[in-house]
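Chemist: What follows is the residue order along each chain.
There are 2 protein chains.
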Amino acid sequence: MQLSPSLTQLIEALRCQPGIGPKSAQRIAFHLLERDRQGGKQLGQALTKAMTVVGHCQSCRTFTEQAQCDICASTKRQDSGLLCVVESPTDVLAIEQTGQYQGVYFVLMGHLSPIDGIGPKEIGLDILENKLQQGGINEVILATNPSVEGETTAHFIAELCHKYQVNASRIAHGIPVGGELDLVDGMTLMHAFTGRRTVSQL
Amino acid sequence: MQLSPSLTQLIEALRCQPGIGPKSAQRIAFHLLERDRQGGKQLGQALTKAMTVVGHCQSCRTFTEQAQCDICASTKRQDSGLLCVVESPTDVLAIEQTGQYQGVYFVLMGHLSPIDGIGPKEIGLDILENKLQQGGINEVILATNPSVEGETTAHFIAELCHKYQVNASRIAHGIPVGGELDLVDGMTLMHAFTGRRTVSQL
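Protein sequence lines, in the order shown, are assigned to chains F and C.
Mapping of the first sequence onto our numbering: position 50 corresponds to residue 50, and the numbering continues sequentially without gaps.
Whatever position you read off the second sequence (first residue = 1), add 202 for our numbering.
Take these hints with a grain of salt, some might be off.
If you only want the chain C side, here are some residues facing chain F, beta carbon under 7 Å, derived [to be verified]: (1) Gln204; (2) Ala227; (3) Arg237; (4) Thr250; (5) Val255; (6) Val256; (7) His258; (8) Thr266; (9) Lys278; (10) Arg279.
Hints listed in this document are in silico derivations from the structure and should not be mistaken for laboratory results.
Yeah, the Cβ is synthetic: ideal placement off N, Cα and C, and Gly gets one too.
Please build the complete structure, drawing on both the sequences and the hints.
Modeler: Here it is, written out as structure tokens:
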């Protein structure tokens with residue numbers, strides 16, 4: 001049996017999304033057609049609108065509809081002198097959810113990967129260099145992922161910071177809070193040992 | 203941190219779909235914005251189009267863009283004299299995938315449920331009654347789900363078939379092929395016993 005072309009097209013388009021397999025795609029399409037056509041139209045409009053209007057913050061490169069995102073526009077945040085470098089806008093969300101960090105961000109939208117043709121310019125390091133040159137930043141916190149590419153990127157940005165006499169720090173990697181030592185992988189355990197800190201005397 | 207309004211709206215609209223939680227919704231939205239804006243626009247268009255153009259087959263009530271679906275339009279299918287009654291268009295897909303059934307379908311788009319105000323008219327039994335009256339159907343195969351509502355609906359349609367002297371049969375319920383007897387629930391086991399068949403002598 002051939003499904004109607006529009007329905008096939010919809011299921012195909014849904015199936016390409018992360019976390020949605022062929023069965024889920026079919027389930028969503030039939031659910032919308034059977035029970036929620038209005039919701040389906042709204043989702044369609046939300047998609048089209050978001051893909052069109054959401055751009056990048058000219059200051060930190062995260063997603064925003066304005067020229068500058070809310071965080072970059074806040075003078076309190078700018079005055080903190082802290083700048084946190086992350087790989088993706090979802091990292092910004094994760095850090096913001098802790099409620100502890102009060103500085104601004106810089107979103108690379110990726111990491112250095114010469115093999116894929118991603119050099120310093122592709123991840124906006126020219127914009128970051130301008131920021132460092134302009135001054136007003138006391139410390140750059142490098143929060144890229146602890147992968148080979150993330151570490152390389154962090155190292156590259158640290159060099160850039162030294163050039164402009166700005167402190168650079170790397171977030172700590174080690175045993176997750178609540179994690180069990182024997183269940184943690186070797187790489188994390190190694191990081192936990194090299195990153196050990198002196199316990200101050202009571 | 204406040205996400206941009208269009209992005210929040212998109213994540214909310216995705217989150218309402220079956221099988222997509224808040225994390226998946228966020229992941230899909232960011233994936234589309236970061237890597238596949240064109241795909242996002244296409245998905246939006248596919249949704250809007252499907253919600254608008256996909257209607258019901260006037261003959262069997264399944265989803266189609268034409269007045270009649272491919273199965274109902276096939277004279278070979280119509281000549282078989284078999285009509286299979288199912289609850290939803292996904293059931294049609296499942297049966298078609300076996301490749302064994304060569305008759306037409308009738309899709310109820312639900313089941314009888316007086317408590318929710320779903321009577322015979324809401325599940326199109328007036329259309330089915332017309333079909334039975336017109337003749338040309340030798341056997342109605344009742345393939346509604348083995349739930350209380352599904353059984354009631356099957357029973358109701360069987361009565362209707364008797365009224366017009368059309369044979370009605372119910373699909374077999376029992377142990378799934380490859381299933382283990384001690385892992386099957388009591389209700390299925392009971393069905394397997396009541397539905398037992400005489401083994402013919404060799």
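Chemist: Does each hint fit the structure? Answer for all of them.
Modeler: Each hint, compared with the structure:
1. Gln204: holds, 6 Å
2. Ala227: violated, 9 Å
3. Arg237: For C:Arg237, the interface hint is violated, since the closest Cβ of chain F sits about 10 Å away, which is over 7 Å.
4. Thr250: Since chain F brings a Cβ to about 4 Å from C:Thr250, closer than 7 Å, the hint holds.
5. Val255: holds, 5 Å
6. Val256: Where the cut-off is 7 Å and the nearest Cβ of chain F is about 6 Å from C:Val256, the hint holds.
7. His258: violated, 10 Å
8. Thr266: holds, 5 Å
9. Lys278: This interface hint is violated because 13 Å lies over the 7 Å limit.
10. Arg279: violated, 10 Å
When the structure is compared with the earlier hints, violations turn up for hints 2, 3, 7, 9, 10 and for no others.
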